[in-house]
Amino acid sequence: MSEQIINRNNIKISGSGKQPMLFAHGYGCDQHMWRYITPAFEKEFKLVLFDHVGSGKSDQTAYDFEKYKTVKGYADDLIEICDTLNLKEVIFVGHSVSSIIGVLAAVERPDLFDKLILIGPSPCYINKTDYVGGFKQDDIDELIATLESNYLGWSSYITPVIIGNPEKEVYAEELKNSFCSMNPDIAKQFARATFLGDNREDLFKVTSSTLIIQCHPDVIAPVEVGMFVHKAIPQSEYVLLNSPGHCPHLTAPEQVIASIEAYLKNKSFEN
Amino acid sequence: MKTKLIIEDAEDLYQNAPFGYLTVQSDGLIININSTLLHWLGYERQEIEFQKSFQDLLIMGDKIYYETHIMPMLLVQNEIAEINIQLKGKGLIRLPVLINAKRIVDSTNQESFFRFSLLDITQRRKYELELMKARKEAETTVQQLKEIKQDLEQFAYVVAHDLKTPLRSIKGLLSIIKNKGDKMDNTKKQEYFNVVINAADDMYKLIDSLLEYARTGSVQEEMQEVTVSGIFKTQLNFFEQEIKKLGGQIETHSTIKYITVYPVLFQQVLMNLISNAIKYRSETPPIIQVTCKDQKGYTLFSVTDNGMGIPTDRFEAVFKLFRSLNPNNDSNGIGLAICKKIIELHGGTIWLESEIGKGTTFYFTIRKD
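Residue numbers (the working numbering), protein chains in the order written: chain A, 1 to 271; chain B, 1001 to 1369.
Keep in mind that a hint or two might mislead.
What the hints assert, rightly or not - Cross-link-like lysine-lysine pairs, in silico, DSS-like; alpha carbons within 30 Å at most:
#1 K1320/B / K1341/B
#2 K205/A / K18/A
#3 K1149/B / K1205/B
#4 K1136/B / K57/A
#5 K67/A / K1146/B
#6 K136/A / K1136/B
#7 K1102/B / K57/A
#8 K1146/B / K69/A
#9 K136/A / K1133/B
#10 K57/A / K188/A
#11 K69/A / K1133/B
#12 K1171/B / K1189/B
#13 K1133/B / K188/A
#14 K128/A / K1052/B
#15 K188/A / K67/A
#16 K1293/B / K1368/B
#17 K1149/B / K1320/B
#18 K1088/B / K188/A
#19 K1136/B / K67/A
#20 K188/A / K1102/B
#21 K1136/B / K1320/B
#22 K43/A / K57/A
#23 K69/A / K1136/B
#24 K1178/B / K1205/B
#25 K128/A / K1088/B
#26 K1090/B / K136/A
#27 K1164/B / K1320/B
#28 K188/A / K1146/B
#29 K67/A / K136/A
#30 K188/A / K1136/B
#31 K1341/B / K1149/B
#32 K1136/B / K1126/B
#33 K1052/B / K136/A
#34 K88/A / K18/A
#35 K1358/B / K1233/B
I should point out that these hints are in silico values taken from the structure, not numbers from a laboratory.
Based on the sequences and whatever the hints tell you, model everything.
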């Protein structure tokens, strides 16, 4: 069982600490997104990285179109990962859609999670009458069209060629066909599961202490949305980074590390 | 041949290369753009440089793709190639491009910036769309062929089965007559012969219907404009006596004067539907209504009865070959399959609504042009 889950989610464990820090990548890419963040925590924590089913080097055959129709399927996997690896008092770090995946898991199994760190969270991307998520349904259809036009390559394996630094050739080779590339049908369904869901209600049920890391400007998850999450989650802190875009762990890793460290220290001090 | 050394001017090469170039800061702000790309996009230099970010040139869907795929790849891999997106130019200009990009780290301040090269693929994009369309069509055709193959298998199976049943009784009865014929009395023998002849008749009927079904595809007659009232009159002449005998009635109503159809085939559809309405009547005398009206580019017909009704789960099956609801009731399950084929020849569709014990309405459309 444990072997099967480890393969299914391509789980990688490292670090010399005891308390587990579980990193969940967002929509589009895979666990390599955390490469600039993890070194800062490997001494003090046990680091657990994984790929969502359908992404990166996960087991593609485990992708179930019914199960992963909504993000709930991924939240179930997250709980399964914690149970299988016997992780307790988990510090969960989730980017983008994985923030919400973490929220769903923590609402269902609060016993597993000590803290949630959410980078660029959005509980609902589509504008509603009383809520600004930033997107219209049409925008998501456009995204699907872009994905589709980039599949022409995928289907014949001329995937966008991704070349790393010459001195890191092995690494580049390993990434070439996995990082940010996905089976077209899975990518489309993951896009829908990510961008068409509405999990606003779940935020209010979170009992774990939470840190929200927000960028500005962020087209995917605007500041208003980050503030909404902060207001909705009872025990939450909010950090606004001086960095644009949606992937501060890539663009401004030092700021992300500093805010996580400050948050974790502050908390342990309180304890 | 003499060769002459041409020294390229680097600035001119950058500005006027047959390729789009731009450079952005890590937040996407465009700090350099070449003349070629400006020309493609229909912008003036001062409208772009330090004014717009790369994301500003993208439609919303591509913005998401940029943030979730392109930027992460550039930041992890430092280089990307052959990504297909669309740029928004001035006004209604839309430019499909393939982008390559590279991350450059400034040695003085360690800041990253990114160089993009863009290839106009307007022509290629059209070609790709054609390809995608063709692929989708091919997939649909394969699906259709699969269904046809299944139908054929079912067809062969049922034909074999349905022909075997009467043949078996013919053979059985003839064997009895051969072996015991001398000792049989004449009445018994006569009875057996009648069963044999009936069985042979059944086979004839089945074979005729099959031929008819097969022939329906290849139309022999011409499309003609005919009056709806004429069509209805033919049907009334044919069925009115039979229905009156059963104590029932048939009514027709039309808001349309003319239709263009294959007359013989078309009559056959109404003939099949009305005779089904009589055949599958309930205890009460049959009341049948036939209507015809206009419906956005189509003419809509309906045949309503007060008969036994059809279970919801059979609504589609009844139009398939040999899926008669009531195999014993002189029905070989071909009639509605033929109707469907004829209606499709007229560019229309056929469907039904029904409630058990209350009756059924068959609807079908035919295209006007």
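Results of checking the hints against the structure:
no.	hint	in the structure
1	K1320/B / K1341/B	holds (10 Å)
2	K205/A / K18/A	holds (28 Å)
3	K1149/B / K1205/B	holds (25 Å)
4	K1136/B / K57/A	holds (29 Å)
5	K67/A / K1146/B	holds (28 Å)
6	K136/A / K1136/B	holds (27 Å)
7	K1102/B / K57/A	holds (25 Å)
8	K1146/B / K69/A	holds (28 Å)
9	K136/A / K1133/B	holds (26 Å)
10	K57/A / K188/A	holds (18 Å)
11	K69/A / K1133/B	holds (26 Å)
12	K1171/B / K1189/B	holds (14 Å)
13	K1133/B / K188/A	holds (18 Å)
14	K128/A / K1052/B	holds (29 Å)
15	K188/A / K67/A	holds (15 Å)
16	K1293/B / K1368/B	holds (12 Å)
17	K1149/B / K1320/B	holds (13 Å)
18	K1088/B / K188/A	holds (23 Å)
19	K1136/B / K67/A	holds (26 Å)
20	K188/A / K1102/B	holds (27 Å)
21	K1136/B / K1320/B	holds (26 Å)
22	K43/A / K57/A	holds (26 Å)
23	K69/A / K1136/B	holds (23 Å)
24	K1178/B / K1205/B	holds (27 Å)
25	K128/A / K1088/B	holds (27 Å)
26	K1090/B / K136/A	holds (23 Å)
27	K1164/B / K1320/B	holds (21 Å)
28	K188/A / K1146/B	holds (26 Å)
29	K67/A / K136/A	holds (25 Å)
30	K188/A / K1136/B	holds (17 Å)
31	K1341/B / K1149/B	holds (17 Å)
32	K1136/B / K1126/B	holds (15 Å)
33	K1052/B / K136/A	holds (23 Å)
34	K88/A / K18/A	holds (10 Å)
35	K1358/B / K1233/B	holds (27 Å)
The earlier numbered hints are all upheld by this structure, with none contradicted.
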